[in-house]
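*Asks:* If you want the building blocks of each chain, they are given just below.
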Amino acid sequence: MPPISRGFRGRRRDDAPSDRVPPGQYVTDDFPVLSAGPTPHTSLDDWDLTITGEVDGLKRWSWDEFRALPSEPITVDIHCVTKWSKLDSEWEGVPIDTLLDGVDTTAEYVVAFCDGGYTTNLPLEDLTEGKAWIAFAFGGEPLDPEHGGPARLLVPHLYFWKSAKWVRGLRLAATDEPGFWEQNGYHNYGDPWKEQRYWGD
Amino acid sequence: MDALMLDGNAAAGLLHEIFGSEMTTAVGTCDGCGTAGEVGGVHLYRGAGLAFRCPHCGNVLMKIVVGDERVWVDFRGLRALQLNG
Amino acid sequence: MEGTAVLGRLNWRAAKVVELTPETSQTKTITFDVPGWPGHRAGQHVDVRLTADDGYQAERSYSIASAADGPRIDLTVERLDDGEVSPYLTDELRTGDVIELRGPVGGYFVWNPQAEGTVFLVGGGSGVVPLMAMARQRALERSGIPTRLLYSARSWDDVIYRDELAELTARRDGFDVVYTLTRAQPAGWDGYSRRVDTDMLGEVGPVSSELAVAFVCGPTPFVEAVASGLVELGHEPARIKTERFGPTGG
Chain A
1 MPPISRGFRG RRRDDAPSDR VPPGQYVTDD FPVLSAGPTP HTSLDDWDLT ITGEVDGLKR
61 WSWDEFRALP SEPITVDIHC VTKWSKLDSE WEGVPIDTLL DGVDTTAEYV VAFCDGGYTT
121 NLPLEDLTEG KAWIAFAFGG EPLDPEHGGP ARLLVPHLYF WKSAKWVRGL RLAATDEPGF
181 WEQNGYHNYG DPWKEQRYWG D
Chain B
1 MDALMLDGNA AAGLLHEIFG SEMTTAVGTC DGCGTAGEVG GVHLYRGAGL AFRCPHCGNV
61 LMKIVVGDER VWVDFRGLRA LQLNG
Chain C
1 MEGTAVLGRL NWRAAKVVEL TPETSQTKTI TFDVPGWPGH RAGQHVDVRL TADDGYQAER
61 SYSIASAADG PRIDLTVERL DDGEVSPYLT DELRTGDVIE LRGPVGGYFV WNPQAEGTVF
121 LVGGGSGVVP LMAMARQRAL ERSGIPTRLL YSARSWDDVI YRDELAELTA RRDGFDVVYT
181 LTRAQPAGWD GYSRRVDTDM LGEVGPVSSE LAVAFVCGPT PFVEAVASGL VELGHEPARI
241 KTERFGPTGG
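Chains as they are written, first to last, in our numbering: chain A, 1 to 201; chain B, 1 to 85; chain C, 1 to 250.
If we strip away everything but chain A, and leave its shape as in the complex, we get:
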């Protein structure tokens, strides 16, 4: 182990219940901003959300149509692969189940695609049954662009790189297609409780 820096603690909490902190994680009250590219600034007039791919016809919502869908408050713990965890984060969003309502598909996989070109892949079953949302508000306020606004994918049971910022749609696919980070070292699935950070973990 490297030499200890006398008196250094860092800015993290050490009072969190351990059953809520996955292995190797540190709890923060901040919300660090991490990004693989510049913050997009898509106007709400130009924004849409689509479900495409192995479906019987594209489903599409404009911003107004999306916001007219039933949404719900969400309080969840989130875990970033860079080792910070944030407990009881408060969001509001539309369940993916709502978006997939009436969608007939044999697809087992999803690629989330975003403004700026970011992608991430997930099994379809990890987005359904109340496990995921398209979130448009955080902490009672409209989601900040630097945190993914106007809307981001929210999949709290997986490492947070899967909660793609600036999401513009989900493409349902028959085969798994590793996304932006999954192609380059990050684990294809990413379960924080099994510490699946990198390939082969």
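Honestly, the hints are just simulated from the structure, not real lab data.
Every residue, glycine too, gets a C-beta built ideally from N, C-alpha and C.
Some hints could be false.
A partial selection of chain B residues facing chain C, derived with a Cβ cut-off under 7 angstroms [claimed, not checked]:
{"hint": "1", "residue": "7"}
{"hint": "2", "residue": "9"}
{"hint": "3", "residue": "22"}
{"hint": "4", "residue": "77"}
{"hint": "5", "residue": "80"}
{"hint": "6", "residue": "81"}
Chain A is fixed; fit chains B and C onto it per the hints.
*Replies:* Just chains B and C now, with coordinates in the frame of chain A:
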């Protein structure tokens, strides 16, 4: 651009550790637009991993993920990298 | 990015604090003794790594403030109130403490004037640190290369290295400093009192045909504004070297 952005030079230590030599003065050619420039001057973003982007067209030149014992580097966005003696 | 020396080709070295020198109310210079230090070039930086007793690590980069001086290097650190590393370095470190650092690195942003002409250094806040290393190296080498520093600080009390900059200017060897104080100015101030903009760069900097190289350093928004201003004035982008410190300045 973006308040979070850094220059490639900010990753000089990591790049030296990975490649074994000073990399910020290496000249990369973007596979997207053909622009060439020093790695130290490209646009660096810190997400789950590092993404180095072409200052001219925004194309991802390089991605780096540092694991516990392994490092992954994706160079697909670089058509060529010229290392000077 | 944290972790042990991944492929072992540039190692973390132990650096011992030998001196602590407050510069301004928010900045402090820390002098380290680094056994085996290979020397460095003005403008380079080091990565500093701190490890807590439970293994938690944090890493940040800091520009080297000093010119080459055997095994000793100076870092000048600005204390950010909500920072994780800077308050530790400025408030907690004592002489004799040892921290890890990796470097020197960053050959892209170094004092090495090749072309003819004037060197234009533009620094915002703690962005002046690597530029000061360059001014010190220039003085050490007795280089007569015309060099102008445009230094943007919030107030006169926030100007780091104030006396030394005055002394370097007094040598009348081709080095001078122009200040802009953006938030508060002392009584009788007749210098600039606004954020650096294209007009100021045009008035203070050399014309494009006379620029050897420009080094711009500071918070990312500052660097963005200056770099685009210089391009607007007709300077060649390849002659503008930037070192962005990120949103808060490092």
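*Asks:* Determine for every hint whether it applies to the structure shown.
*Replies:* Status of each hint after checking the structure:
The restraint placing residue 7 of chain B at the interface with chain C holds, with a minimum CB-CB distance near 5 angstroms, inside the 7 angstroms limit. The criterion of a C-beta within 7 angstroms of any C-beta in chain C is met by residue 9 of chain B, whose closest approach is roughly 4 angstroms, and the hint holds. With a least beta-carbon distance of about 4 angstroms to chain C, the hint placing residue 22 of chain B at the interface is held under the 7 angstroms criterion. For residue 77 of chain B, the interface hint is violated, since its Cβ never comes within 7 angstroms of a Cβ in chain C; the closest pair sits about 19 angstroms apart.
Using the Cβ-Cβ criterion of 7 angstroms, the hint placing residue 80 of chain B at the interface with chain C is not satisfied: the shortest such distance is roughly 18 angstroms. About 14 angstroms separates the beta-carbon of residue 81 of chain B from the nearest beta-carbon of chain C, more than 7 angstroms, and the hint is not met.
Of the hints listed earlier, those the structure fails to meet are numbers 4, 5, 6, in rising order.
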